[in-house]
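There are 2 protein chains.
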Amino acid sequence: MQYLPDFIRKLIDEFDKLPGIGPKTSAKLVFDLLHRKEDIRELSQALDKAYKNIHFCPQCFDLSNDGLCNICKNPQRDQTVICVVAGNQDVDAIEKTNEFNGIYHLLNGLISPLEGLTPDKLKIKELADRLAKNNIREVIIALDQSLEGEATTLYLSKLLKNHSVKVSQLARGIPMGANIEYTDQATLSSALQNRKEL
Amino acid sequence: MQYLPDFIRKLIDEFDKLPGIGPKTSAKLVFDLLHRKEDIRELSQALDKAYKNIHFCPQCFDLSNDGLCNICKNPQRDQTVICVVAGNQDVDAIEKTNEFNGIYHLLNGLISPLEGLTPDKLKIKELADRLAKNNIREVIIALDQSLEGEATTLYLSKLLKNHSVKVSQLARGIPMGANIEYTDQATLSSALQNRKEL
Numbered sequence: 001m002q003y004l005p006d007f008i009r010k011l012i013d014e015f016d017k018l019p020g021i022g023p024k025t026s027a028k029l030v031f032d033l034l035h036r037k038e039d040i041r042e043l044s045q046a047l048d049k050a051y052k053n054i055h056f057c058p059q060c061f062d063l064s065n066d067g068l069c070n071i072c073k074n075p076q077r078d079q080t081v082i083c084v085v086a087g088n089q090d091v092d093a094i095e096k097t098n099e100f101n102g103i104y105h106l107l108n109g110l111i112s113p114l115e116g117l118t119p120d121k122l123k124i125k126e127l128a129d130r131l132a133k134n135n136i137r138e139v140i141i142a143l144d145q146s147l148e149g150e151a152t153t154l155y156l157s158k159l160l161k162n163h164s165v166k167v168s169q170l171a172r173g174i175p176m177g178a179n180i181e182y183t184d185q186a187t188l189s190s191a192l193q194n195r196k197e198l
Numbered sequence: 001m002q003y004l005p006d007f008i009r010k011l012i013d014e015f016d017k018l019p020g021i022g023p024k025t026s027a028k029l030v031f032d033l034l035h036r037k038e039d040i041r042e043l044s045q046a047l048d049k050a051y052k053n054i055h056f057c058p059q060c061f062d063l064s065n066d067g068l069c070n071i072c073k074n075p076q077r078d079q080t081v082i083c084v085v086a087g088n089q090d091v092d093a094i095e096k097t098n099e100f101n102g103i104y105h106l107l108n109g110l111i112s113p114l115e116g117l118t119p120d121k122l123k124i125k126e127l128a129d130r131l132a133k134n135n136i137r138e139v140i141i142a143l144d145q146s147l148e149g150e151a152t153t154l155y156l157s158k159l160l161k162n163h164s165v166k167v168s169q170l171a172r173g174i175p176m177g178a179n180i181e182y183t184d185q186a187t188l189s190s191a192l193q194n195r196k197e198l
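These protein sequences, in sequence, are chains A and B. Sequential numbering from 1 applies to the first sequence in our numbering. Sequential numbering from 1 applies to the second sequence in our numbering.
Think of the hints as simulated: they come from the structure by calculation, not from any bench. Errors might be hidden in some of the hints.
Heads up, the list lumps identical chains together, so a pair's fine if it works in one copy or across two of them.
The calculated DSSO-like cross-link candidates involving lysine-lysine, where the alpha carbons are at most 30 Å apart (straight line), are [what the hints assert, rightly or not]:
id, residue 1, residue 2
1, 49, 37
2, 133, 24
3, 37, 161
4, 161, 17
5, 161, 125
6, 121, 24
7, 196, 10
8, 158, 52
9, 161, 49
10, 158, 37
11, 123, 96
12, 52, 10
13, 161, 196
14, 96, 10
15, 37, 17
Predicted model, so just to flag it, every value in this text is computed and none were measured.
Generate the whole structure from the sequences, applying the supplied hints.
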């Protein structure tokens, strides 16, 4: 890439920092973008605006433009039910179901000592503070079914025992469209144990 | 995504325009980026700089900051051999081999009538002009072995017949690391026909 002008190499380096984007994809994105001059400007301006306006909701730590986020400040939402998620994508996925009318709490990650993510690095203390201060009826833990997700759920469930609040976690079972034959044993055991009377 | 501030949705839309990036990946990139404030600014500034400085080499149409690109203006490079490629990534791939010391000509695509890319949309006329004006010894056609690449190679080879210039194309054969058993018939036939005496 030595033959490319400096500012293009710098741009490729910047795209390379994004998650899941390696040097090759980064170069592809930049080469494509540089042929559409208007889009370069639009993206640059959108980033600049984001840089200047980005705030995090002081209550749930979701993205916000100023003060409380749109969900926390919505009077239509039930402020007594908190759904605990790892990050922004999970809020997005749950919002799309239109099944949840409470508010959220973003941990900003999952406990993963190998990656240096110990409980004190996550917004866990802030969750306990919210429970102590506000009048919360229920906490729904909605974390990934991964090792890190399980560890975090366990940690939270122990912590929340000290609070007089109902604690639940998302149901485990067979996902929509799955075949019994190809479902893994852990999921199938879980689905059997949690079977629902018809 | 309605619950997100406008400027974040705009940013997700802008990333969504990049090739190979869908709305889900775009949201993931943006959510990740928004947690690293310094990187937002760096990317925004790099884009702004690219927007202000980007030029295309008037000779080969590669990226440049002003006037001729770094390859065209390099006196060490053989200005009598032109390698014709489809785009920037191909220049990059050929430069990495350190095998080529000539200069390039970027067509900015391949002939593909279905996508509206007819020969007049590509820098083909400009290639003919270069041959007429400059003292070119050889043209090496280095295009993909796809339908579009083959069509473009055929078109160029017919066009270049009118010029007194040596025209060659990249050798076809079995790639490094390939098994004879699993090589497709077309490649194997080609490798047989083009066999090299030892």
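Hints versus structure:
| no. | hint | in the structure |
| --- | --- | --- |
| 1 | 49 x 37 | both (19 Å within a copy, 12 Å between copies) |
| 2 | 133 x 24 | neither (49 Å within a copy, 35 Å between copies) |
| 3 | 37 x 161 | neither (56 Å within a copy, 36 Å between copies) |
| 4 | 161 x 17 | neither (40 Å within a copy, 47 Å between copies) |
| 5 | 161 x 125 | within (14 Å within a copy, 75 Å between copies) |
| 6 | 121 x 24 | between (33 Å within a copy, 26 Å between copies) |
| 7 | 196 x 10 | neither (57 Å within a copy, 43 Å between copies) |
| 8 | 158 x 52 | neither (39 Å within a copy, 56 Å between copies) |
| 9 | 161 x 49 | neither (43 Å within a copy, 54 Å between copies) |
| 10 | 158 x 37 | neither (54 Å within a copy, 34 Å between copies) |
| 11 | 123 x 96 | within (24 Å within a copy, 46 Å between copies) |
| 12 | 52 x 10 | both (22 Å within a copy, 14 Å between copies) |
| 13 | 161 x 196 | within (26 Å within a copy, 77 Å between copies) |
| 14 | 96 x 10 | between (37 Å within a copy, 19 Å between copies) |
| 15 | 37 x 17 | both (22 Å within a copy, 13 Å between copies) |
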